[in-house]
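Student: Join these two chains into a complex; the hints should help.
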Amino acid sequence: MAMTLVEKIFARCAGRDTVTAGEVVWVRPDLVTVPEVAFPAYVKRLRGVGFERFSNPDKVVVAIDHEVPAHSQAGAERNRLTRQLAHEFSVGHLFDSEGITHPLLIERGLVRPGDFVAAADSHTAVIGGAGAVGVPFGFETALLMATGQIWVMVPETIRVTLTGKPQPGVGARDIALATMRELDETAASYRLLEFAGEGLAHVPFWDRMTLCGLCIDIGAKSAVVPADAVTVAALEGIGVETTGDVVSDAGARFCQEVEIDLGTLEPLVSVPPSPTHVRRVSEMRDTTIQHAYLGSCASGTLEDLRAADALLSGHKVREGVNMLVIPSTRKTYQRAMEEGILTRFTAAGATVLAPTCGPCFGGLAQLCAGERRISTSTRNDPGRMGSAEAEIFLGSALTVTASAIAGHICGAGDIAKGRPS
Amino acid sequence: MRPYTGTCWKLPDAVSSDQLIGPAHVFDFEAETLRKHLLEEIDPRIAAEAKPGDILLAGRNFAQGSNHSHPFIAMKAMGLGLLCRSISRGPYRLTIFMGVPILTITGEIYDALEHRDRIEVDFTTGEVTALETGTTFQAEALPPHLLDIVKAGGGFEHAKAQEQDQKPL
Numbered sequence: 005m006a007m008t009l010v011e012k013i014f015a016r017c018a019g020r021d022t023v024t025a026g027e028v029v030w031v032r033p034d035l036v037t038v039p040e041v042a043f044p045a046y047v048k049r050l051r052g053v054g055f056e057r058f059s060n061p062d063k064v065v066v067a068i069d070h071e072v073p074a075h076s077q078a079g080a081e082r083n084r085l086t087r088q089l090a091h092e093f094s095v096g097h098l099f100d101s102e103g104i105t106h107p108l109l110i111e112r113g114l115v116r117p118g119d120f121v122a123a124a125d126s127h128t129a130v131i132g133g134a135g136a137v138g139v140p141f142g143f144e145t146a147l148l149m150a151t152g153q154i155w156v157m158v159p160e161t162i163r164v165t166l167t168g169k170p171q172p173g174v175g176a177r178d179i180a181l182a183t184m185r186e187l188d189e190t191a192a193s194y195r196l197l198e199f200a201g202e203g204l205a206h207v208p209f210w211d212r213m214t215l216c217g218l219c220i221d222i223g224a225k226s227a228v229v230p231a232d233a234v235t236v237a238a239l240e241g242i243g244v245e246t247t248g249d250v251v252s253d254a255g256a257r258f259c260q261e262v263e264i265d266l267g268t269l270e271p272l273v274s275v276p277p278s279p280t281h282v283r284r285v286s287e288m289r290d291t292t293i294q295h296a297y298l299g300s301c302a303s304g305t306l307e308d309l310r311a312a313d314a315l316l317s318g319h320k321v322r323e324g325v326n327m328l329v330i331p332s333t334r335k336t337y338q339r340a341m342e343e344g345i346l347t348r349f350t351a352a353g354a355t356v357l358a359p360t361c362g363p364c365f366g367g368l369a370q371l372c373a374g375e376r377r378i379s380t381s382t383r384n385d386p387g388r389m390g391s392a393e394a395e396i397f398l399g400s401a402l403t404v405t406a407s408a409i410a411g412h413i414c415g416a417g418d419i420a421k422g423r424p425s
Numbered sequence: 002m003r004p005y006t007g008t009c010w011k012l013p014d015a016v017s018s019d020q021l022i023g024p025a026h027v028f029d030f031e032a033e034t035l036r037k038h039l040l041e042e043i044d045p046r047i048a049a050e051a052k053p054g055d056i057l058l059a060g061r062n063f064a065q066g067s068n069h070s071h072p073f074i075a076m077k078a079m080g081l082g083l084l085c086r087s088i089s090r091g092p093y094r095l096t097i098f099m100g101v102p103i104l105t106i107t108g109e110i111y112d113a114l115e116h117r118d119r120i121e122v123d124f125t126t127g128e129v130t131a132l133e134t135g136t137t138f139q140a141e142a143l144p145p146h147l148l149d150i151v152k153a154g155g156g157f158e159h160a161k162a163q164e165q166d167q168k169p170l
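So the sequence lines, in the order shown, correspond to chains A and B.
Here the numbering used here is used: the first residue of the first sequence is 5, the next is one more, and so on.
Here the numbering used here is used: the first residue of the second sequence is 2, the next is one more, and so on.
A portion of the hints provided could be inaccurate.
[Said to hold, decoys possible] As a list, the in silico DSBU-like pairs of lysine-lysine whose alpha-carbon atoms are at most 35 angstroms apart:
no., chain 1, residue 1, chain 2, residue 2
1, B, Lys77, B, Lys11
2, A, Lys320, A, Lys421
3, B, Lys37, B, Lys152
4, B, Lys11, A, Lys12
5, B, Lys161, B, Lys37
6, B, Lys161, A, Lys12
7, A, Lys335, A, Lys421
8, B, Lys37, B, Lys11
9, A, Lys335, A, Lys48
10, B, Lys152, A, Lys48
11, B, Lys161, A, Lys48
12, A, Lys48, B, Lys37
13, B, Lys11, A, Lys48
14, A, Lys169, A, Lys421
15, B, Lys52, B, Lys152
16, A, Lys169, A, Lys12
17, B, Lys77, B, Lys161
18, B, Lys11, B, Lys52
19, A, Lys48, B, Lys52
20, A, Lys320, A, Lys335
21, B, Lys152, A, Lys12
22, B, Lys77, B, Lys37
23, B, Lys77, B, Lys152
24, B, Lys11, B, Lys152
For the record, the hints were derived by calculation from the structure and aren't laboratory data.
If we strip away everything but chain B, and leave its shape as in the complex, we get (with noise of 0.2 angstroms):
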């Protein structure tokens, strides 16, 4: 999995799963609906802006509240990498589970990042870099068998390469 390039959409602490789709779209699964309305409470741009390779960096308890799939889902199909201060276990198994990178990071690389800042961050080794000044983070990367998830694109095609691994040939 290649290293993302891209900017940095800096979030407070407890964005709560209400705050990154509101539960007027619980119905809806379409990844081309549910992408419009990422965040938009918080901040519409990000929405309309964000290009694949960028990064949300958000604060402590991410997506706290409802174990909604709907912000992985709009996440996934935006090409959006995650790090996060903490993430509680509903959200953290979603966001690998629709194949959504990710990392927890300490405060000191959440303040040392700016909001709209270019960084490039590579999931498979936890390493982050501020590209304005060329500062290197390293952060702790995901667990083998958890990368394999998102490097396979998500639970499902991982499941299904796995099948196939399975098969005689």
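If we strip away everything but chain A, and leave its shape as in the complex, we get (with noise of 0.2 angstroms):
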């Protein structure tokens, strides 16, 4: 029987030769991931219900990245009863303080393509630029590490291809948000998006994290790219060892089929109140900003950074707005030092941070009432990064380089190329 590739998932996970979208199945996920926000909560809510021990706790994967570096007393103590519970229950990975988990699954070679991780955390569908499967289960993941299994049911496949090739200045932030717009909440709820075409080979490794993470904010179950030569070859640059990747067989049913031509595509914006609500950037030139933030799980890779520092090459960030630059993963924060673009950051008067999710859900950076902010991150309800009547626009690392230079939403292509420094 053909199958797409979360139904071979969902079959070998649930130790079965075959699955079909719409059954509920009991699943063995490959790895659970928790972050500190939850971790000492979801220990005591299974030590009250008598769970003293996890299920494999060596698939647990913990990680401290949303309050780093701590900067509340609460915080603090959470951070340390992470780690002490993480060692109570010999959890086989502990993040602590490194960076985004998400990010970090892939940079530390804990998933292939093919994989299936559960997690606490919403944006866990990054991985799917891997090639893996990332689910969100909430709460329901405290009963995960304790019993090793969930129920899911098989989703339905929506198949994106992709089409042509981008202008410059259009990455994967806009491909996502192109999705978004053809692709509401009714059309993608309960199912999962995975993306095709000859476009993908224009979509470099680290910028999948960010078009499939995106995708979870569309209400879709998860997103993946399946792997191809592309992620093969960049899986194998950082150790991991492909073997026999799995895609949807020919003939697999998808239950809606999209096309997307990126040769037409210009930079996008997400407008308050969510991310589904998208704009032309080119619509957008009149909205001044006071701040600009780059960074989180759907951005702040080496890629990206280098693409800002380079937009940045010969201008300042405009006086008034306020920059912050947080790369997602301490290697990256390495590798940009090295490369001197956190200098370059700095010189041009942008703030740069450790790694941590911090500005995205409102942790770090707040803003106030009747402010701006175009961000990388991930969503822009109201009130996420504090006041509800501040506004979040959210776009890709170019645009929000050249916002920042500007004072005002633009795109890359508005910005005189720099003189060399």
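Tutor: So this is what it looks like as structure tokens:
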């Protein structure tokens, strides 16, 4: 029977030969990830009902990534307790202030194409960039750690075929937002998005994390770029062996087909009140901003930092704009430092901080009423970053950097090429 | 599980997870704290006045956005039930996992019920009665395996009960 990629993954994790979309099956994920936000609370709840052990602690990844470094007494206590409980429960991996969980999983070689990761955090779909499927389960992840299994409904798959070649200045964020224009929540709900087509050749490996991670915000169950030559080369580069790439069979059933011509895209932004409110950057040029943020699990990669750095060359962050740059992992931070990128960001007037989820959920650098920020992070609900009367716009690293230079929303194409410094 | 009888608190479409409980409370999992903040941005009277047996009547795409457990911990502590026109998989699962009874309803039922109406909802049969008029509507009840989790009081209690059932006497 022809199966989709996700049917194959869930069949394997259910110990079955085949499964079909719509079935409810019990599965054992390849990895379970929980951030410090929730880990001590989960353990407390588990102990309250008498669970004292994890079923398979080797497969559990605990990450201290949301409040790093601790900037409250409660946060310091939570981080300490997380470390202590991670040791008590012998979890396989503790990421302690080393970066954001989802890109770290890939950077550390912990996910391979065809893996299934169950996560407490919403944006686990980022790992779809490596051909794996990440699904968020919130508090249910606690019980999953105790029992080792969880029920899932096998989702239908929507195939999003990318054709053509993007214009300079158009990248993964813009493709994700273009996908949001094609698929609303009603179409995406309970379904998995699978990207395909020759256009993927123009979406580099690390950009695929951005592409997949943002699809959660359409309301999809998850998203994946099936492993191809780009995936294999990138994963080999970080020492991951890829055996028997998991891809959809010819003849597998897709519930919907969408085609996006990358050549027709221009830079896009999400405007308040939600990521799915998508506009062209060119329509938004009158919107002044006081804050710009480059970071989060949906950006903050070395490639995004390099692109922003190149655009900033010969320019400064405009007076009156606070630009914050947060590399997504410690390794990315270190590489960016070695390449001089962080030095140049600082010289141009940006503030660089250590890897954390921080500003994405309002844990750091909050906004006041009436302020506007353009951000590479995941969501822009009112109140997400402080005051409910602040406005958050979401765009690519290039759009955010261009806007920081200009002081209003604009694209990389609006910024004059800088003089060599 | 007995029917829920109480006041209906009507909400619009697309109430987001962040509007249900603001992200400022993301680190807090204490039910007694969270219940004070449920929907405070939209209508602070809900947290102050809602009583056990009351029903949140939501429109389409309820709890969209971040997959946060907090609103459902609060709803469970407050003894609320949920009727909504649609809900995506993340919050749907969390509703059931936290032991909050839920029915997805049609636009006809949503439109027929007004804010502050007295209603009765039998979550085991899917029957919704507007007590002001006596009109009864039929919604689709939860599938049995999910209803069992809600009846047990939530996922943890359900798992524990199953574990005990399997123990030899």
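Student: Below or equal to 35 angstroms on CA atoms is what counts here, so check Lys320(A) against Lys421(A).
Tutor: Judged against 35 angstroms, a Cα distance of about 13 angstroms means the pair holds.
Student: Take a quick look at whether Lys37(B) and Lys11(B) sit within 35 angstroms of each other, Cα to Cα.
Tutor: It holds: about 18 angstroms lies between the C-alpha atoms, which stays within 35 angstroms.
Student: Check the hint pairing Lys335(A) with Lys421(A) against an upper bound of 35 angstroms on the C-alpha distance.
Tutor: Holds, because 29 angstroms separates the two Cα atoms, which is no more than 35 angstroms.
Student: Check whether the Cα positions of Lys152(B) and Lys12(A) lie no farther apart than 35 angstroms.
Tutor: holds (33 angstroms)
Student: Are the Cα atoms of Lys169(A) and Lys12(A) separated by 35 angstroms or less?
Tutor: holds (30 angstroms)
Student: Holds or violated: are the alpha carbons of Lys161(B) and Lys48(A) at most 35 angstroms from each other?
Tutor: holds (15 angstroms)
Student: Is the Cα-Cα distance between Lys152(B) and Lys48(A) 35 angstroms or less?
Tutor: holds (23 angstroms)
Student: Are the Cα atoms of Lys77(B) and Lys37(B) separated by 35 angstroms or less?
Tutor: holds (13 angstroms)
Student: If you draw a straight line from the CA of Lys77(B) to the CA of Lys11(B), is it 35 angstroms or shorter?
Tutor: holds (18 angstroms)
Student: Keeping to a limit of 35 angstroms between CA atoms, is the pair of Lys11(B) and Lys48(A) held or broken?
Tutor: Satisfied, since the Cα-Cα distance of roughly 34 angstroms is no more than 35 angstroms.
Student: When you check the alpha-carbon spacing of Lys169(A) and Lys421(A), does it fall within 35 angstroms?
Tutor: holds (22 angstroms)
Student: For the pair we were handed, Lys335(A) and Lys48(A), check the Cα-Cα distance against 35 angstroms.
Tutor: Holds - the C-alpha atoms of Lys48(A) and Lys335(A) are around 32 angstroms apart, at most 35 angstroms.
In this structure, only the earlier hint numbered 4 is contradicted, and the remaining ones agree with it.
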